[in-house]
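Participant: Sequence:
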Amino acid sequence: MSERKILLSMNAIEKRFGDVQVLKKVDMEVACGEVHALMGENGAGKSTLIKILTGVYPKDGGSITFSGKACEINSRSDAQKLGIGVIYQELSLIPTLSVMQNVMLGKEKSGCGFLKIREMKKKVSDLIEYYDFNLQPDAIVETLSIAQRQTVEILKALSEDSSLIIMDEPTASLSSKESEALFGIINQLREKGVSILYISHRLEEVFRLADRLTVLRDGRKVAVLEKEQINPPDVIKMMIGKELSEATASRCLHRSEMESVLEVRSLSRKGTFSDISFTLHRGEILGIGGLVGAGRTEVLRCIFGADSYDGGEILFQGKKLPCHVSETIAKGFGLVPEDRRNQGFIPLLSIERNIAVPNYDFLSKASNVNRAEEKKIGIDAVGKLDIRPADSQLPVGNLSGGNQQKVVIGKWLARDLRVLLIDEPTAGIDIGAKDEIYKILDNLAEQGVSILLVSSDLQELLRVSHRILVFRKGHIQKEFDSGVITQEDILMAASGIDTAKKEEKNT
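Residue numbers (the working numbering): -11 to 495.
Calculated from the structure, these hints are not laboratory results. For each residue, glycine too, the CB sits at the ideal point set by N, CA and C. Please note that a few of the clues may not be correct.
Capping the alpha-carbon separation at 30 Å, the derived lysine-lysine pairs in DSSO-like fashion look like this [stated by the list, open to error]: (1) Lys461 <-> Lys225; (2) Lys12 <-> Lys57; (3) Lys34 <-> Lys461; (4) Lys13 <-> Lys(-7); (5) Lys180 <-> Lys57; (6) Lys372 <-> Lys461; (7) Lys466 <-> Lys422; (8) Lys466 <-> Lys225; (9) Lys(-7) <-> Lys215; (10) Lys307 <-> Lys364; (11) Lys372 <-> Lys319; (12) Lys34 <-> Lys104; (13) Lys363 <-> Lys319; (14) Lys111 <-> Lys34; (15) Lys12 <-> Lys34; (16) Lys34 <-> Lys13; (17) Lys258 <-> Lys165; (18) Lys180 <-> Lys39; (19) Lys308 <-> Lys319; (20) Lys364 <-> Lys427; (21) Lys39 <-> Lys(-7); (22) Lys69 <-> Lys13; (23) Lys422 <-> Lys353; (24) Lys104 <-> Lys57; (25) Lys372 <-> Lys466; (26) Lys34 <-> Lys307; (27) Lys353 <-> Lys372; (28) Lys215 <-> Lys258; (29) Lys215 <-> Lys165; (30) Lys110 <-> Lys180; (31) Lys466 <-> Lys258; (32) Lys427 <-> Lys39; (33) Lys34 <-> Lys422; (34) Lys466 <-> Lys427; (35) Lys461 <-> Lys165; (36) Lys165 <-> Lys180.
Label pairs and their in silico Cβ distance ranges [stated by the list, open to error]: (37) Phe171 <-> Gln381: 52 to 60 Å; (38) Arg359 <-> Glu301: 35 to 43 Å; (39) Gly94 <-> Gln381: 40 to 48 Å; (40) Ile105 <-> Ser256: 30 to 38 Å.
Model the full assembly from the supplied sequences, consistent with the hints where possible.
Facilitator: See the structure below:
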């Protein structure tokens, strides 16, 4: 192999947030004209490393070299000047402007007080032709497909002379056909000498595209692998670390003896998920794993009545469940959403007022709210869930992430809760608070509450669930029932990797 020319070198990078060290002397190199994948579980440090590279966070230690020169990246502008572009999952285009206008926004050429439209259009046209992109400079962005809009984002980065483009979960919103088109563009960029730093939870596409990959775990670099060294099961083990040998064996329930509470039959929503079928039993915690965009959150929202569905049916205690939030709440359903800050509570309102919001149907009569009862259910929730500080008058926005999540759960405990739908229950919560949330869920299940839990945290799924469904591309890929389940089993099913390979390896 010829000696590769290094474009980016990050050496012994460190980062702390308060007392927590999230990056511990991390090294990473990206060569010219290579697709380099950055891999790791949620919380491994990938996002923090990228934010340091793009000037969002300052590093606390280590050094960065780009194009052979030592550099300090203190802002997004610093990164752009070096030639570092970034394509986020959420695109930053203005829909009503043309491709050319979006690409040249902030870089307009002018003379004598007039924009040089012809010159700008030529620059964009030349870039489109050079990279052989399927775009027209005058096309309005809102008329383009998601894949084409993503190509416009790439074009923006190239117009800034980016020699390194960071792609963060680039296929999360793309169909299979659109993903294939993106892979073609990535190969074109590689052939032209552009380097790609690729971050994705979709392991099959990483293994297909990457020339090399760096694996992070718990804020440390644990491996750098060449393409010929990449073996999916081994990479998964590197990401996860030690196997959980006990896994879920002790949490299996004898469902044949349990009451069926919720039945989902062939549920479908066009473009999101299809043919979803499962049963949830009384006192069961049914975990749902899978990658970003697999349809997990959308299924929860349809069950709760927040979104409609196109086909199939949902039965609660043998009867069809209405597709309306107020009716599902009245029947004993509660939803703890993924984005708790924007959807789960109102930051400026007190703990007791937030807990009262979904309960005004029994807290008020003739438009008059029973403030004494409102205060009582707030104080009860603070006590039952050990919300700290133990003052129901405090604004929820002043609480820690773990205590905010307790408030969101507490909203549903004031009524006769039968089914709790909970999405990413401990995202952004410290380890001590996580354990408290797990105990709350365990206690609810013991009291007979049925829980449908979506989580991207594999250890969490194994710790909490009695049974696990793994979603992939809008379908149930695998159901894990009794016996020992490992993180590797879940990740391989979510990635669509043939588990037979694992079995062959172990025989």
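Participant: Give a verdict on every hint.
Facilitator: Results of checking the hints against the structure:
1. Lys461 <-> Lys225: holds (23 Å)
2. Lys12 <-> Lys57: holds (23 Å)
3. Lys34 <-> Lys461: holds (23 Å)
4. Lys13 <-> Lys(-7): holds (23 Å)
5. Lys180 <-> Lys57: holds (22 Å)
6. Lys372 <-> Lys461: Status violated; Cα separation ~39 Å.
7. Lys466 <-> Lys422: Given that 30 Å is the threshold and the Cα spacing comes to 26 Å, the pair holds.
8. Lys466 <-> Lys225: Roughly 20 Å separates the two Cα atoms, so the pair holds.
9. Lys(-7) <-> Lys215: holds (17 Å)
10. Lys307 <-> Lys364: violated (34 Å)
11. Lys372 <-> Lys319: holds (23 Å)
12. Lys34 <-> Lys104: Not OK: Lys34 and Lys104 at ~41 Å, beyond 30 Å, violated.
13. Lys363 <-> Lys319: This hinted pair holds, its Cα atoms lying about 24 Å apart.
14. Lys111 <-> Lys34: Cα-Cα ~34 Å, so violated.
15. Lys12 <-> Lys34: Measuring from Cα to Cα gives roughly 12 Å; hence the hint holds.
16. Lys34 <-> Lys13: The hint holds at about 13 Å.
17. Lys258 <-> Lys165: OK: Lys258 and Lys165 at ~16 Å, within 30 Å.
18. Lys180 <-> Lys39: holds (26 Å)
19. Lys308 <-> Lys319: holds (12 Å)
20. Lys364 <-> Lys427: holds (23 Å)
21. Lys39 <-> Lys(-7): The given pair, whose Cα atoms are some 24 Å apart, holds under the 30 Å limit.
22. Lys69 <-> Lys13: Cα-Cα ~26 Å, so holds.
23. Lys422 <-> Lys353: With a Cα-Cα distance of about 38 Å, the restraint between Lys422 and Lys353 is violated, given a limit of 30 Å.
24. Lys104 <-> Lys57: Outside the cut-off at roughly 35 Å; violated.
25. Lys372 <-> Lys466: Answer violated: Lys372 to Lys466 is near 36 Å, above 30 Å.
26. Lys34 <-> Lys307: violated (46 Å)
27. Lys353 <-> Lys372: Distance of about 27 Å is within 30 Å: holds.
28. Lys215 <-> Lys258: violated (37 Å)
29. Lys215 <-> Lys165: Answer holds: Lys215 to Lys165 is near 25 Å, not above 30 Å.
30. Lys110 <-> Lys180: Cα-Cα ~20 Å, so holds.
31. Lys466 <-> Lys258: holds (21 Å)
32. Lys427 <-> Lys39: violated (34 Å)
33. Lys34 <-> Lys422: Within the cut-off at roughly 21 Å; holds.
34. Lys466 <-> Lys427: Holds. Lys466 to Lys427 sits at ~27 Å (cutoff 30 Å).
35. Lys461 <-> Lys165: Given that 30 Å is the threshold and the Cα spacing comes to 13 Å, the pair holds.
36. Lys165 <-> Lys180: The given pair, whose Cα atoms are some 23 Å apart, holds under the 30 Å limit.
37. Phe171 <-> Gln381: 52 to 60 Å: holds (55 Å)
38. Arg359 <-> Glu301: 35 to 43 Å: At 41 Å between Cβs, range holds.
39. Gly94 <-> Gln381: 40 to 48 Å: holds (46 Å)
40. Ile105 <-> Ser256: 30 to 38 Å: Check failed, 47 Å falls outside 30 to 38 Å.
Going through the hint list in order, the structure does not satisfy hints 6, 10, 12, 14, 23, 24, 25, 26, 28, 32, 40.
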